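Asker: Here are the chains, one letter per residue:
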Amino acid sequence: MLFHWVLLSLALFSVGIYGVLTRRNAVGLLISVELMLNAAAINLVVFNRYVAPAQVDGQVMAIFVMALAAAEVLVGMAILVMLFRKRKSADVTKMMGLRH
Amino acid sequence: MLMLPELIIVFTAFLVLILDLIFLKKKNTWLVMIAIAGVVAAGISAFVLFEQTGELLGGRFAVDSVGLWFKLIFLVATGLTLMMSVEAFDVRAKGLLTHQAEFLAVLLFSLSGMLFLVSSRDLISLYVSLELATIPLFALTAWSRTEVSGEGAFKYLAMGALGSAFFLYGLGLLFGLTGHMSLVEIASALQTGPALFLAAGLITAGVGFKLTLVPFHMWAPDAYQGAPTPVTAFLSVASKAAGVAVAFVIFYRLFGEHLSSWSGVVAVLATVTMTVGNLVAVLQSNLKRFMAYSAISQAGYIILGFLGNDAQNATAMVFYMLVYVVTNLAAFSVIVMHVHQTGREEIDSMKGLSITNPLLALAMMVALFGLAGIPPLAGFVGKFFLFSVAAKAGYYWLVGVAAVNSTVSLYYYLRIVRQMYIEPPVAGTAPLRVSGLPAVGLVIATVGSMILGVVPVFYERIGADTIQWLASLARVP
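Sequences listed follow chains X and Y, in order. Okay, so the first sequence: first residue is 415 according to our numbering, each after it adds one. Okay, so the second sequence: first residue is 169 according to our numbering, each after it adds one.
These are computed hints drawn from the structure, not numbers from a lab. Honestly, I wouldn't trust all of these hints.
What the hints assert, rightly or not - So the derived list for chain Y, only partly shown, Cβ under 7 Å to chain X, looks like this:
1. Leu192
2. Trp198
3. Met201
4. Val296
5. Ile303
6. Glu315
7. Gly318
8. Phe322
9. Ala326
10. Leu330
11. Gly340
12. Phe343
13. Val352
14. Glu353
15. Asp516
16. Gly520
On a predicted model such as this, the values are computed, not experimentally measured, just so you know. The C-beta atom is built at its ideal place from N, Cα and C for all residues, glycine as well.
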């Protein structure tokens, strides 16, 4: 059973990486990162259940991960809104203003 | 009492916010003074604690001798950054920063995250404090609210979040391998195997994003260039020191004996990081982007300390980190003054600085020579110890690569010196104003970058502390 859960989290993680590498929309990119973080959170809960069922450490950490991921996305969206007002586009492939 | 430095910093951050609310109408330049006073107070309390070590919160928060050195590095970095940031809040500054109180509070929150980071003894607090140190930096990078600033910040955020996802997945695997959250228990339960290598790889990648090691460095030039200049200074030292601190805690405390089987990876990463950072730095024309690549190549030298887990490695690394912080901030003090008073960021805009501001040009030259590693300066001593560590680990080719890279770096640091000393100034260039606080910061940083290498007290003290620290690690069953 543990094997299947780990496989699930690995699959989610891979989908996340794929999304980060291919998404053109900045919001999509943030969602992909979110997927990766959640895959890691699933890992923690699953290991908690199967490896150390007497503790709750893994679950506690999963809750912290959710809160931190929310904080991260919050800052990300704030920056994105600011950027969107200036350039009217959320396309990350067009963020080339800093190349010299 | 053990948590005093952290508590002082958090308290100061809130104090600055509240004082700003109360005295909203006045021009609050003295808020920076309060923030600096808080950092100094935290530094003093950490210094008083120097002989004290112990645990709090059931062993989740622990103070040890090497951790205190890291805390000192973070506090020095933040204090000097605060001093130079006065320049950016000056109403005459080009690219003036707004919301001073919030800026200071966010900077101090990031600092508190870094301080908690070196003291955390389980995976939860390690991860939470790492994020507390990093997330404020994203906001700081976007602070000037221009298009470039936002763009740099978004790239930083996307890459930083990616890195922290890798890091977290690695931590999850460690938890799965051992069933423990406490670093001490994981270290004793850890057994070598393919899964451990996967976890170590993921953690190295995650730390690599923070440390700007080469395959993971893509965000650094953009974020450094887009960020307000004082924030660039902070990113180049404090965020890097935080990366080193995480790597130190994980690699030394957790992997310990297993670290030597990982040294091949570290050697390759160091080689690639130094070489790419140096070669690309040669081509840069923007000062901040140039400093970004210089910082990338410096990260390559610093991770030489992870080639093994001897006391010498740790000592050389912590010492070089301290030297790098003061030297780089000395250079940045001058850059911040230049950028905020002239509004120009190109390297050739520093033309003739030795004629308009001879002392500033001298300080900048000393800092750049320190970064390149010219003998009497601390940068040379620090690099010497790091290279000798690599030689002791048997990586003679790596020492060769590092020495060649130092020579290449001298070439591009000299490009700035050439602009300052050989090119004539543009006619009618007004000299830069040097105001009180930034000047104090510059003097402290420059003196630090000179005496750290000459006065042996620091190195010896760090050395004694690391030996004691490693001995205390070995005693744990």
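Asker: The structure should be examined with respect to each hint, and the outcome stated for every one.
Answerer: Going through the hints against the structure:
1. For the restraint placing Leu192 (chain Y) at the interface with chain X, the shortest Cβ-Cβ distance is roughly 23 Å, beyond the 7 Å limit, so the hint is violated.
2. A least Cβ separation of about 29 Å between Trp198 (chain Y) and chain X goes past the 7 Å threshold, and the interface hint is therefore violated.
3. For Met201 (chain Y), the interface hint is violated, since its Cβ never comes within 7 Å of a Cβ in chain X; the closest pair sits about 28 Å apart.
4. Interface hint at Val296 (chain Y): satisfied, since its Cβ lies 6 Å from the closest Cβ of chain X, which is below the 7 Å cut-off.
5. Because the closest C-beta pair between Ile303 (chain Y) and chain X is about 6 Å apart, less than 7 Å, the hint holds.
6. Interface restraint check for Glu315 (chain Y): the shortest CB-CB distance to chain X comes to about 5 Å, inside 7 Å, so the restraint holds.
7. Against a cut-off of 7 Å between C-beta atoms, the interface hint on Gly318 (chain Y) holds, since the closest Cβ of chain X lies about 4 Å away.
8. A least Cβ separation of about 5 Å between Phe322 (chain Y) and chain X falls short of the 7 Å threshold, and the interface hint therefore holds.
9. Annotation: interface hint on Ala326 (chain Y) holds; nearest CB of chain X at approximately 6 Å, less than 7 Å.
10. The interface hint given for Leu330 (chain Y) is met, as the beta carbon of that residue sits about 6 Å from the closest beta carbon of chain X, less than 7 Å.
11. Because the beta carbon of Gly340 (chain Y) sits about 4 Å from the nearest beta carbon in chain X, less than 7 Å, this interface hint is met.
12. Below 7 Å, beta-carbon pairs count as interface contacts, and Phe343 (chain Y) has one with chain X at about 5 Å; its hint therefore holds.
13. For Val352 (chain Y), the interface hint is violated, since its Cβ never comes within 7 Å of a Cβ in chain X; the closest pair sits about 14 Å apart.
14. The criterion of a C-beta within 7 Å of any C-beta in chain X is not met by Glu353 (chain Y), whose closest approach is roughly 11 Å, and the hint is violated.
15. Because the closest C-beta pair between Asp516 (chain Y) and chain X is about 13 Å apart, greater than 7 Å, the hint is violated.
16. The interface hint given for Gly520 (chain Y) is violated, since its Cβ lies 23 Å from the closest Cβ of chain X, which is over the 7 Å cut-off.
Violated hints, in rising order: 1, 2, 3, 13, 14, 15 and 16; the structure is consistent with all others.
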